[in-house]
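Q: Here are the chains, one letter per residue:
Number of protein chains: 2
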Amino acid sequence: MSEIVVKNISIGDELLIGQVINTNAAWLGEHLSDAGFQLDSSLTVGDAEKAILDALNACMDADLVLVTGGLGPTADDITKPTVCKFFETELVFCQEAYDNIISLFNRRGFQMSERNRSQAMLPKSCIYIPNTYGTAPCMWLEKNGAVFVFMPGVPFEMKGIFNDELLPRIRKKFHSVPYEKRIVMTTGIGESYLADRIKGWEDALPDFLSLAYLPQYGMVRLRLSGRHENAGLLRATLDNEIKKLTELIPEYIFALQDQPIERVVFDLLINKGMTFASAESCTGGNIAHVFTLIPGSSKAFKGSAVTYATPMKTKVLGVPAKTIGEFGVVSQEVVEGMAKGVRDLMEADFGVATTGVAGPSGGTEELPVGTVWLGLASSTGVISKCFNFGKDRENVINRATIAAYEILREGILANTAS
Amino acid sequence: MSEIVVKNISIGDELLIGQVINTNAAWLGEHLSDAGFQLDSSLTVGDAEKAILDALNACMDADLVLVTGGLGPTADDITKPTVCKFFETELVFCQEAYDNIISLFNRRGFQMSERNRSQAMLPKSCIYIPNTYGTAPCMWLEKNGAVFVFMPGVPFEMKGIFNDELLPRIRKKFHSVPYEKRIVMTTGIGESYLADRIKGWEDALPDFLSLAYLPQYGMVRLRLSGRHENAGLLRATLDNEIKKLTELIPEYIFALQDQPIERVVFDLLINKGMTFASAESCTGGNIAHVFTLIPGSSKAFKGSAVTYATPMKTKVLGVPAKTIGEFGVVSQEVVEGMAKGVRDLMEADFGVATTGVAGPSGGTEELPVGTVWLGLASSTGVISKCFNFGKDRENVINRATIAAYEILREGILANTAS
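Read top to bottom, the protein sequences are chains H and L. Residues in the first sequence are numbered from 35 upward in steps of one, following my numbering. Residues in the second sequence are numbered from 35 upward in steps of one, following my numbering.
Only chain H is shown next, with the shape it has when bound in the complex (with noise of 0.2 angstroms):
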């Protein structure tokens, strides 16, 4: 069987004017691609009758076209009708979609309105695909062999559906070539280094696999990926491949597969059955919220002083106001006094902290905006680094957030290897 042809519509005024970005496609290019489809285009057009028809009919020569979003409460109004045009089919009431948004309804306490029960009209020929995250409907319909499908454009929905209802799907009835992916990610040496150090491999790296280089605040992630009829020749390549390179550069390397090195702190803690506890002043509690993403992350959590406010690190961590007044309070004093006084605090096993100038403004000569100390507290002691992340001030939380947890790595393995 040969590739099928994949294409995207993305549907929705507020794409073409610019205020919501179409994070959409990207998702779907990239779960297209791991799952060994290819998306061929992506079209956005707005909520007109016209324009969706027109993209319909260019997609006509496509296998299978993903649609997103025009199915809200408020913008189903034109999508609908023009599906049913487009099919040339007319809208009935489904129970099944009706069902799912009185559950929804009830689950969440609220009343229907009459706006919601329009939502479960939909088109007579089409398969409907339940959605357990919201009242849109997704609808599966076909036209001369090309199957369309339709989601909701509200990425949360779209993306749970995709992966619950709509893959196992199109996996059924189209084929796939394999493809996989190998994930290395680095961090501690930027891009054009790094890719100087590994250039030699890079260059012997067989036709079927391709290198990218996706930098993101301080880290690198690498994406190795190939496509190949034969599956077990893509991955015993791909294995060896990866073998050899974290023989080059073991140094620079926090984890083998596609995830944030919170993650990999969080597998290591629930590992060895550890905790910490974070005192965060310039970044501001997102040291917190990334872990707190992570389901289960409380096992390993114990909390975080946000002490932003200077007198909260003598009154919440118990930093002496002294070594503030003597020191400064972006200072490695500082920040080992807040590491070991949230460590206490919390009774965890590691405390890190951090206290830095995220800017635009607040920066000195000696202290520059994006200067950052961290301080990661155990039982054998503290210890403590100096940064500086540059003048963005979201960059400079994101870059000291990954420092922070990459100290805390390196804490964990060096402490729990002794």
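No lab work stands behind these hints: they were computed from the structure. Just to be clear, a hint being listed does not mean it is correct.
As the list claims (entries may be wrong) - No farther apart than 16 angstroms at their CA atoms in a straight line, the calculated lysine to aspartate or glutamate pairs in the EDC-like style are these:
1) L:K425 with H:D198
2) H:K84 with L:D95
3) L:K349 with H:D198
4) H:K215 with L:D95
5) H:K193 with L:D426
6) H:K215 with H:E148
7) H:K206 with H:D97
8) H:K193 with L:D95
9) L:K84 with H:D95
10) H:K349 with L:E381
11) H:K119 with H:E83
12) H:K215 with H:D273
13) L:K233 with H:E148
14) L:K349 with H:E381
15) H:K158 with H:E122
16) L:K233 with H:D378
17) L:K278 with L:D237
Predicted model only: the values in this text are computed from it and were never measured.
Following the hints, complete the assembly by docking chain L onto the known chain H.
A: Positioned in the frame of chain H, the structure of chain L alone reads:
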């Protein structure tokens, strides 16, 4: 003169496999709107001759086609010959483009490579538009009355060229229609209820205005926008309609501009010289995180006690262990104790607290996943509310954060009105 049809094509395999999110399309859409033009559609295709030719042919009905990407030193091997094929022309050496590349390399102190030299080979029939931001050229070509502009895909280069060089040329060649928009931020009411509440007003809007509902995490952003040859009339009509809308649903509106609710709270607190602190369980530091992204937030924010482990609610915030034992950790009594506790601890005017079941596991019959108690302590006492925010962990965290800021916003207004 009538309105022109503007289309966008983005070229790049990295967009289709989801490695890079297409932010260029949204940016162009927004800046075209602001300049009085409307983006009709946006199409993304890969770095392949057939895909690019198909895309160009599909845009022959447009007046203006803005193409981004495919012009970097490694990608233009495909794009430029394809452009020549489409416009039936050939590549010739362009001295102006070459001089630009040389001056750029001199400025950066780098050595030029042969690859960069080939970037000065341009289609014979094109008008060269200077790019002072990088080595890739910008090219203006015409075919059967349609204008095609090819820009590099690197966002800061594309934006720089568009603003400096392209928009003035587009304005000179094409007629634009004045465009304006107003944003109204609402919370506390679902999209369909809101639509019902304002139906009369919406139905009576003049033809040249349109309303869009943009829901996210328990908020609905309303965008009222329009285009009219008479800019004064357009502005006056928008002002008048927004005035009517604010009189219709004052209780749900938290801002009359496009800003997140924490920014509204920040402005209110700064204005009144007041502060807040948070005590976070299920939100895990996100209340602190979103606030501390705002430059200058330290003036209004004392800190956050992220008491993830239950005993920390007692030890750090002083919620009696007996209360937790008796009512459970997700309860009105505990959230109120947390709110009071953090207000006292952090010496803030307001203490806001969260405790809930973020999921995906941990729910019970009485306390299903998504249950969140929010509390607010102020000088006048403590209030609390219970919500259910559904079953997606990230969604629960985000919706709880926004609801917490809404309670805080109402609290600040109530507290300072008396």
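Q: For the pair supplied as a hint, K215 (chain H) and E148 (chain H), confirm whether the alpha-carbon distance does not exceed 16 angstroms.
A: Violated. K215 (chain H) to E148 (chain H) sits at ~47 angstroms, over the 16 angstroms cutoff.
Q: Tell me if the straight-line CA distance from K233 (chain L) to E148 (chain H) falls inside 16 angstroms.
A: It holds: about 13 angstroms lies between the C-alpha atoms, which stays within 16 angstroms.
Q: Is K233 (chain L) close enough to D378 (chain H), meaning Cα to Cα at most 16 angstroms?
A: violated, 57 angstroms
Q: K349 (chain L) and D198 (chain H): Cα distance at most 16 angstroms?
A: violated, 42 angstroms
Q: Is the hinted pair K349 (chain H) and E381 (chain L) satisfied, with a Cα-Cα distance of at most 16 angstroms?
A: holds, 10 angstroms
Q: Holds or violated: K215 (chain H) and D273 (chain H), Cα atoms, limit 16 angstroms.
A: holds, 10 angstroms
Q: Does D95 (chain L) lie within 16 angstroms of K84 (chain H) when you go C-alpha to C-alpha?
A: Status holds; Cα separation ~14 angstroms.
Q: Starting from K206 (chain H), check that the Cα of D97 (chain H) is at most 16 angstroms away, please.
A: Cα-Cα ~14 angstroms, so holds.
Q: Assess, step by step, whether the Cα of K349 (chain L) is no farther than 16 angstroms from the Cα of E381 (chain H), and give holds or violated.
A: Between K349 (chain L) and E381 (chain H) the Cα gap is close to 10 angstroms, so the pair holds against 16 angstroms.
Q: With the threshold set at 16 angstroms, check whether the alpha-carbon distance from K193 (chain H) to D426 (chain L) stays at or below it.
A: holds, 11 angstroms
Q: What's the verdict on K158 (chain H) and E122 (chain H), does the C-alpha distance respect the 16 angstroms limit or exceed it?
A: holds, 10 angstroms
Q: Between K278 (chain L) and D237 (chain L), is the straight-line Cα distance small enough, at 16 angstroms or below?
A: holds, 13 angstroms
In terms of the numbered hints stated before, the structure departs from hints 3, 4, 6, 8, 16, listed from lowest to highest.
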